[in-house]
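Produce the complete structure using the sequences and hints provided.
Residue-level listing of the chains:
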Amino acid sequence: MSAFSDPRWSEALSHLPDYLGSHGRVSLAALALGLLISLPLSILTRHHPWLRGGLLGLASIVQTVPGLALLALFYPLLLVLASLSLRWFGFSFSAFGFLPAMLALALYSMLPVLRNTLTGLANVDGDLLQAAQAVGMTPRQSLFSVELPLAMPVIMAGIRTAAVWVIGTATLSTPIGQTSLGNYIFAGLQTQNWVFVLFGCGAAAALTIIVDQLLALIETGLRRRSRLRITLGGVGVALLVAATLWPTLAMRQATSYSVGAKTFAEQYVLSALITDRLREHGLSAKAREGLGSNLIFSALASGDIDLYVDYSGTLWANQFHHTNIPPRDKMLEQLKVELAQQHITLAGELGFENAYALVMPRRRAEALGIHSIADLAAHSNTMSIAGDYEFFSRPEWAAIRSSYGLQFRAERQMQPDFMYAAAASGEVDVIAGYTSDGLIAKYDLVALDDPRQAIPPYDAVLLLSPKRENDAALRDAIAPLLGKIDIAVMREANLRAAGSASPTDVARWLSERISGQAPKK
Amino acid sequence: MVHELRKVGTSDPPISFTHVSRSFGGDLRPVRAVDDVSLDVASGEFLAIVGASGSGKTTLLRLVNRLIEADSGTVTVEGEDVRQVDPIRLRRRIGYVFQNGGLFPHMSVAANIGITPRLEGAAEREITAQVNELMALVRLDPVEHGGRLPQELSGGQRQRVGVARALAARPRIVLMDEPFGALDPLTRDALGDDYRALHRKLGLTTVMITHDMTEAILLADRIAVMRDGRLVALGTPGEVSATSDAYVSELLGTPRRQAERLSALFAATGIA
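Taken in order, these protein sequences are the chains called A and B. Each residue of the first sequence is one higher than the one before, counting from 1 in our numbering. Each residue of the second sequence is one higher than the one before, counting from 1 in our numbering.
Simulated from the structure, these hints should not be mistaken for laboratory data. Do not take every clue at face value.
Going by beta-carbon spacing under 7 Å, a handful of chain A positions derived as facing chain B [claimed, not checked]:
{"id": "1", "residue": "G136"}
{"id": "2", "residue": "T138"}
{"id": "3", "residue": "P139"}
{"id": "4", "residue": "V146"}
Quick list of simulated restraints, FRET-style, between CB atoms [what the hints assert, rightly or not]:
{"id": "5", "chain 1": "B", "residue 1": "A190", "chain 2": "A", "residue 2": "H47", "range": "33 to 43 Å"}
{"id": "6", "chain 1": "A", "residue 1": "P40", "chain 2": "B", "residue 2": "D141", "range": "39 to 49 Å"}
{"id": "7", "chain 1": "A", "residue 1": "A32", "chain 2": "B", "residue 2": "A190", "range": "25 to 35 Å"}
{"id": "8", "chain 1": "B", "residue 1": "P105", "chain 2": "A", "residue 2": "P40", "range": "53 to 63 Å"}
{"id": "9", "chain 1": "A", "residue 1": "W88", "chain 2": "B", "residue 2": "R29", "range": "27 to 37 Å"}
{"id": "10", "chain 1": "A", "residue 1": "G54", "chain 2": "B", "residue 2": "S38", "range": "43 to 53 Å"}
{"id": "11", "chain 1": "B", "residue 1": "L28", "chain 2": "A", "residue 2": "D127", "range": "23 to 33 Å"}
{"id": "12", "chain 1": "B", "residue 1": "F24", "chain 2": "A", "residue 2": "W88", "range": "46 to 56 Å"}
{"id": "13", "chain 1": "B", "residue 1": "D141", "chain 2": "A", "residue 2": "G54", "range": "48 to 58 Å"}
C-beta atoms are modelled at their ideal positions from N, C-alpha and C, and glycine is treated no differently.
Dropping the structure here:
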C-alpha cells in the first residue's frame with residue numbers, strides 16, 4: 001500500500017511509546033483521583049437530597065465547560081496556587097503539564113461516577129436493605145457487604161463512561177504542556193500533516209475502545225456474577241496499566257532540556273531544530289510542542305520549559321503591555337532589560353522576523369490600487385478579514401484599527417494554515433497573516449505596507465529560562481543558530497512544513513542550510 | 001446438637017408490647033399503623049398475627065427488633081426495653097424471616113446462612129460446620145446447594161435458606177413476615193410443618209405474620225387478629241373462633257366455610 005509507505009507513518013510510530021505512555025499515565029492518574037473523590041462523596045451524600053443535588057449540579061456544570069477550556073483554566077489557577085504555596089509553605093510545584101491536566105481531567109471524570117454511584121445505591125432493593133438490618137449489620141457493614149456490591153455493576157458502568165471521557169479529553173491536554181496522543185493531532189493540524197492527525201485520532205480511538213471493552217467485560221462480569229469475565233477484564237486493565245507505566249520507569253533521565261513550541265508550524269520546525277542541535281552537543285533534549293502562546297512564557301519563567309523562540313513584538317505587547325512602538329533596536333534593548341528582571345535571558349535573534357501583516361490577493365490589491373493598510377481603509381467596510389484564534393484580541397489589532405480607522409464588515413477566526421487558501425479563493429478579502437509564511441508567495445498574495453508603523457517589529461528571539469541563566473553548555477550549543485536564519489530561508493522552511501515534509505525533516509533541511517551544506521532535496 | 005434447649009434467664013415474657021403505637025405519613029395526615037397494642041408472647045409460644053393488608057401486622061413485628069421504632073408505649077424483649085439495648089446486638093439475637101427470603105443475591109447460599117455468625121466474628125471453620133448443620137436442619141444438601149446463588153434455587157428452597165439464616169445466630173426468638181406466602185400450596189404445607197417441628201425441637205418463641213387462616217389455625221398456639229392497627233382479638237384458635245366480633249369470626253370462619261363448600265362440591269360431583 002503506497003499510502004503507508006509515507007515516511008511520516010514511521011515517524012508517527014516512533015513517537016508512540018512516549019505519547020501513548022504519557023496519555024495513559026495522565027488518564028489513569030486522573031481517573032484514579034476522580035474515583036477517589038467521587039466514590040466517597042457519593043456515599044457520604046446519598047442520604048442528603050440537598051447535598052446530593054448540589055453535587056450533581058456542580059458536576060454537571062463542570063461537564064458543560066468545554067474540555068479545552070477546562071484544561072486551559074487549570075493552568076493559571078495552579079500558577080496562582082503555586083506562588084501562594086511558595087509564599088506560605090516555602091515550596092512550589094509545577095503548574096504546567098501533568099498536574100493541571102490530571103486535575104482538570106479528574107474533575108471531568110466525576111459526573112458519571114457520581115451519578116452512577118448514587119443511582120446504583122438508590123436502586124438497591126429496599127427489602128435487601130431491611131434484610132441487611134435484620135441480620136444485624138451496622139450501616140457500615142450494610143454499605144460494604146450489601147449496598148456497594150449490589151450497586152457495583154451500575155457504578156462500573158459509570159467508571160466506564162468516565163474512562164472513555166477522560167481518555168478522549170486527554171488529547172486536549174497538549175496545549176497546557178502535557179504530552180498526549182493530542183500531540184499528533186495538534187502538530188498534524190498545524191503543519192497540515194494529515195498522517196499525524198489520522199494516526200493520533202486512530203491511536204486515541206483504539207486506546208478508548210480497548211479500555212472500554214475491558215471495563216465492559218468487568219461490568220458484565222459483575223452483572224452476571226461471572227468470575228471469568230471479571231478476571232479477564234481485570235488482567236487486561238492491569239496489563240494496560242503496566243504497559244503505560246513501563247516507559248516512565250524505563251526511561252528516567254537526569255537532566256533534560258525541554259524546548260517549547262507554540263501551536264504553529266514555524267515553532268514546530270524551530271523547536272525540532274534546537275532539540276537536534278542540543279542533542280548534537282551531547283545534551284539530552286525533548287520538544288514540548290503545541291503550547292498555548294500565553295502559557296508558554298510563564299512556563300519558561302517558572303522553569304517548566306528551558307528555552308523557546310518568541311517574537312519581540314509579541315513580548316512587547318502581550319507580556320509587558322507596552323502600547324508605544326519604539327524602533328527595532330530600542331525595543332530589543334528594553335526587552336532584554338525587562339526580561340532580565342525576571343531572570344529570563346534573551347540569548348539573541350535568529351535573524352528573521354515573523355510579523356503580523358495584512359495580506360490580500362495580489363491581483364485584487366493591484367486592481368483596487370491598494371499598496372498599504374492606509375489604502376485599505378477606504379474599502380474595509382465592504383470587506384471581511386480573517387485572523388488566527390488570538391489575533392483579534394491582541395493589542396496589535398486594536399492599534400492597527402485605530403491608526404488606520406479600519407472598519408471591516410466581518411471578522412472571522414480561522415486555523416492559520418487555512419487562511420491563505422481562504423484569501424486566495426476569495427472566501428475572505430483580507431487576512432492577518434505572518435510575514436515568514438511561505439504560503440504568501442505560494443498563493444500569490446501580497447503583504448500590505450504599514451506606513452504608520454502600527455505593527456511592531458517581530459524579531460524571532462531565543463529565550464532561556466531563569467534556571468539556565470548561567471548554563472554555558474546550552475549557550476554554546478545554540479550560539480551557532482543566532483543570526484543565521486534569514487527570512488527567505490524561514491519562508492522556504494515554512495512552505496516545506498506546510499507541504500508533506502514533517503517538522504523534523506524540515507528542521508534537518510534548515511540545519512543543513514544554516515551550516516552552509518548543500519541541502520538535500 | 002447445636003440448638004439445645006436454653007432456659008430463658010428470667011420469668012419475663014420473651015416479647016411484650018405495652019400500649020404501643022406507631023404512626024406513619026408525617027404530621028399532616030398521620031396513619032396509625034399500630035394503635036395502642038398491648039400483648040405478651042410467652043416463652044416457647046407460636047403466635048400467628050393475622051389481619052388484612054395494611055392492618056399493621058408488619059409494623060408490629062418490626063417493632064420487636066427495632067427495624068421500626070415505637071412512637072409511644074414500651075416493647076420489651078426478654079425483659080429489656082428495646083430502646084435501652086443496642087439495636088445491632090438486639091437484631092443479631094433475634095431471627096427474622098422475610099416473605100421472599102430477603103436473601104442477598106450476590107452471596108452463595110452458604111454465605112447467606114452464615115452471615116450473622118460471620119458478623120459476630122466467629123471462626124470460619126465453626127461457621128462452615130454450623131452452616132452445614134443448619135442446612136441439614138432445613139433439609140437442604142450442603143454439598144449440592146451450599147455453593148449456589150439464591151436465584152438458582154426454587155422458591156421453597158430459598159425460603160428454607162431464609163429460615164436457616166434466621167436460626168444461624170442461635171436465637172431464642174424468631175420473627176417471620178409471611179414466610180410461606182409466595183409458595184405453592186404443597187411446598188407451603190411441607191415447610192409449615194417442618195418449621196413447626198423446628199420450633200418445638202429448638203424451644204423457639206415464634207411470631208409469624210400470615211394471610212392464610214388455615215396456616216394460622218394449624219400452626220399457631222395463639223392467634224392475634226389486627227384491624228386498622230388495633231389488636232381486635234387474641235387467643236387460641238378455638239377461643240378466637242368463638243368470638244362475637246363479626247370481623248374476627250368472618251376472618252376465622254373462612255377456612256371452615258371453604259372446607260364445607262369443598263366437601264359439598266366433592267359430594268355433588270362424586271370426586272372422592
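Hint check:
Nearest Cβ of chain B to the Cβ of A/G136: about 3 Å, under the 7 Å cut. The hint holds. This hint holds: A/T138 has a C-beta 6 Å from the nearest C-beta of chain B, less than the 7 Å allowed. A distance limit of 7 Å between C-beta atoms decides the matter here; for A/P139 the minimum to chain B is near 9 Å, and the interface restraint is violated. Annotation: A/V146 was flagged as interfacial toward chain B, and the flag holds, the nearest CB pair being 6 Å apart, inside 7 Å.
Taken as a hint, the range 33 to 43 Å holds for the pair B/A190 and A/H47, whose Cβ atoms sit roughly 42 Å apart. In this structure the hint that A/P40 and B/D141 lie 39 to 49 Å apart at CB holds, the actual value being about 43 Å. Taking 25 to 35 Å as the suggested C-beta distance range, the pair A/A32 and B/A190 does not conform, at roughly 54 Å. B/P105 and A/P40 have their C-beta atoms about 25 Å apart, which leaves the hinted 53 to 63 Å range violated.
Range check, A/W88 to B/R29: about 57 Å between beta-carbon atoms, so the 27 to 37 Å window is missed. At about 47 Å, the CB distance of A/G54 to B/S38 agrees with the hint of 43 to 53 Å. As the Cβ distance of B/L28 to A/D127 is approximately 28 Å, the hint placing it in 23 to 33 Å holds. The beta-carbon spacing between B/F24 and A/W88, approximately 54 Å, falls within the hinted interval of 46 to 56 Å.
Between B/D141 and A/G54 the Cβ separation comes to about 53 Å, which falls inside the hinted range of 48 to 58 Å.
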